[in-house]
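All chains, full assembly: derive it from the sequences and hints.
Heads up, the sequence shown is in the numbering used here, so the first residue is 1 and it goes up one at a time.
It is possible that some hints are incorrect.
Derived DSS-like pairs: lysine-lysine, alpha-carbon spacing no greater than 27 Å straight-line [to be verified]: (1) LYS103 with LYS158; (2) LYS255 with LYS213; (3) LYS255 with LYS364; (4) LYS279 with LYS9; (5) LYS37 with LYS103; (6) LYS264 with LYS364; (7) LYS9 with LYS45; (8) LYS279 with LYS255; (9) LYS346 with LYS398; (10) LYS103 with LYS213.
Listed next, with one range per pair, are the computed distances between beta-carbon atoms [stated by the list, open to error]: (11) GLY105 with GLY57: 28 to 34 Å; (12) GLU153 with LYS364: 36 to 42 Å; (13) HIS323 with LEU395: 36 to 42 Å; (14) TYR63 with GLU386: 22 to 28 Å.
Since the hints were made in silico from the structure, they are not lab data.
No experiment lies behind these values; they were computed from the predicted model shown.
Glycine is no exception: its CB is placed at the ideal position from the N, C-alpha and C atoms.
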Amino acid sequence: MQNYSVDDKGYYGEFGGSYIPEILHRCVTELQDSYLKIMESEEFKKEFDLLLRDYVGRPSPLYLSQQLSARYGCKIYLKREDLNHTGAHKINNTIGQILIARKMGKTRIIAETGAGQHGVATATVCALMQMPCTVYMGKIDIERQAVNVKKMEMLGAKVVPVTSGSMTLKDATNDAIRDWCSHPEDTHYIIGSTIGPHPYPDMVARLQSVISKEIKVQLLEKEGRDYPDYLVACVGGGSNAAGTIYEYLDNEKVKIVLAEAAGKGIDSGYSAATIHLGKIGVLHGCKTLLMQTEDGQIKEAYSVSAGLDYPGIGPIHANMATHHRSEVLAISDDEALQAAIELTQKEGIIPALESAHALAALNKVQFNPEEVVVLTLSGRGDKDLETYFDYEEQLKSK
Numbered sequence: 001m002q003n004y005s006v007d008d009k010g011y012y013g014e015f016g017g018s019y020i021p022e023i024l025h026r027c028v029t030e031l032q033d034s035y036l037k038i039m040e041s042e043e044f045k046k047e048f049d050l051l052l053r054d055y056v057g058r059p060s061p062l063y064l065s066q067q068l069s070a071r072y073g074c075k076i077y078l079k080r081e082d083l084n085h086t087g088a089h090k091i092n093n094t095i096g097q098i099l100i101a102r103k104m105g106k107t108r109i110i111a112e113t114g115a116g117q118h119g120v121a122t123a124t125v126c127a128l129m130q131m132p133c134t135v136y137m138g139k140i141d142i143e144r145q146a147v148n149v150k151k152m153e154m155l156g157a158k159v160v161p162v163t164s165g166s167m168t169l170k171d172a173t174n175d176a177i178r179d180w181c182s183h184p185e186d187t188h189y190i191i192g193s194t195i196g197p198h199p200y201p202d203m204v205a206r207l208q209s210v211i212s213k214e215i216k217v218q219l220l221e222k223e224g225r226d227y228p229d230y231l232v233a234c235v236g237g238g239s240n241a242a243g244t245i246y247e248y249l250d251n252e253k254v255k256i257v258l259a260e261a262a263g264k265g266i267d268s269g270y271s272a273a274t275i276h277l278g279k280i281g282v283l284h285g286c287k288t289l290l291m292q293t294e295d296g297q298i299k300e301a302y303s304v305s306a307g308l309d310y311p312g313i314g315p316i317h318a319n320m321a322t323h324h325r326s327e328v329l330a331i332s333d334d335e336a337l338q339a340a341i342e343l344t345q346k347e348g349i350i351p352a353l354e355s356a357h358a359l360a361a362l363n364k365v366q367f368n369p370e371e372v373v374v375l376t377l378s379g380r381g382d383k384d385l386e387t388y389f390d391y392e393e394q395l396k397s398k
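Okay, structure coming up:
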């Protein structure tokens with residue numbers, strides 16, 4: 001049977017590992033040696049669970065959407081990560097990582113962010129724990145996510161604009177890694193997704209696995225069984241998707257459908273459909289599928305959604321897609337925007353643009369009436385309102 005979990009060297013099949021500059025070897029090795037011991041300790045579990053419950057507001061509801069169920073002819077539940085404190089799944093990971101950093105004696109936190117949700121979640125837990133926080137963010141993302149930038153600054157974080165390369169998530173990650181290289185002794189880098197050198201992909205997936213742990217309990221209560229027929233989530237770096245599927249990786253009864261960003265079309269040159277377009281390479285410390293030129297230069301990714309605008313993919317997802325454990329669908333900007341407006345008007349829920357890609361994927365799957373589908377709404381759409389307003393204006397003017 002195929003194993004989809006990480007091995008002791010940090011690989012998922014041929015993907016993963018730890019490709020880092022010599023200067024970071026000590027802090028990455030220290031994290032590799034510490035993270036599982038800390039996470040499996042009773043003290044960590046107790047503190048993590050208490051904060052998830054009383055600070056984040058977990059468990060997040062599992063909501064049966066009557067409108068979507070009627071439209072697609074099956075039972076569709078929405079896992080409401082948008083209702084967490086800070087409005088997305090990102091807080092699950094940042095709370096866990098800051099507790100790990102504190103146990104390791106780190107006194108300063110850095111992070112990268114694209115859509116700003118991870119930056120806000122990191123700034124939030126740094127305010128909670130009274131630790132200094134620096135967030136790197138591409139200049140283009142700063143412009144399209146101005147409200148999140150203001151939130152981070154209000155929370156006490158220093159937001160550093162990144163003006164190199166495409167000025168988006170990839171470049172923000174590059175600058176965060178440079179900072180880490182300059183301050184390896186006292187700094188912990190809270191990576192926001194299932195990317196980076198081992199142990200980050202595994203650590204982030206484990207911290208986000210609270211999503212699928214709750215799905216099991218909630219489905220048992222609502223459906224009399226603890227697994228769905230389908231799990232659906234959007235995938236950029238892949239943390240909300242990893243959390244959604246973690247408890248079901250080896251349950252072959254559960255089909256996994258992931259939605260990546262096709263941008264203006266897979267073959268348009270303006271896309272972030274990494275699994276469709278990617279070849280094996282190394283980026284930000286791990287071997288995975290990357291959008292690259294013939295001579296191995298990383299291509300610029302494009303998506304209307306800042307959180308999916310990344311030219312790589314978490315190694316856990318690269319491995320699953322390669323072995324056909326997951327079906328990955330490429331969703332265009334227009335399909336995602338349409339799905340977002342539809343959920344807003346039919347259910348009174350404004351989803352994040354990232355989550356809207358998962359909603360649009362429902363259109364591309366044929367469901368049977370008795371099937372149970374769980375779709376993770378990874379975040380709420382407050383940060384994307386300007387994009388939605390522009391889209392509605394365009395529709396009116398046609």
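Status of the hints after comparison with the structure:
A C-alpha spacing of about 23 Å is found between LYS103 and LYS158, which places the hinted pair at or below 27 Å, so the restraint holds. Note on LYS255 and LYS213: the hinted pairing holds, with a Cα-Cα distance of about 17 Å set against a maximum of 27 Å. Between the alpha carbons of LYS255 and LYS364 the distance comes to roughly 14 Å, so the proposed pair stays at or under 27 Å and holds. This hinted pair checks out: LYS279 and LYS9 have alpha carbons roughly 22 Å apart, not beyond 27 Å.
In summary, the hint linking LYS37 to LYS103 is supported, as the alpha carbons are separated by about 11 Å, within the 27 Å threshold. Our distance criterion of 27 Å between C-alpha atoms is met by LYS264 and LYS364, whose separation comes to about 17 Å. As the CA atoms of LYS9 and LYS45 are separated by approximately 25 Å, the hinted pair is consistent with the 27 Å bound. Taken as a hint, the LYS279 and LYS255 pair is honoured in the structure, with Cα atoms around 25 Å apart against an allowance of 27 Å.
For the given pair, LYS346 sits about 22 Å from LYS398 by alpha-carbon distance, which is consistent with the 27 Å threshold. With a C-alpha separation of about 25 Å, the suggested pair LYS103 and LYS213 falls inside the 27 Å cut-off, and the hint holds. The hinted range of 28 to 34 Å is satisfied by GLY105 and GLY57, whose Cβ atoms lie roughly 30 Å apart. Between GLU153 and LYS364 the CB atoms are about 40 Å apart, so this pair conforms to the stated range of 36 to 42 Å.
Judged by the Cβ atoms, the range 36 to 42 Å given for HIS323 and LEU395 holds: they are separated by roughly 40 Å. Under the hint 22 to 28 Å, the C-beta atoms of TYR63 and GLU386, about 26 Å apart, fit the expected range.
Hint compliance for this structure: every hint is met.
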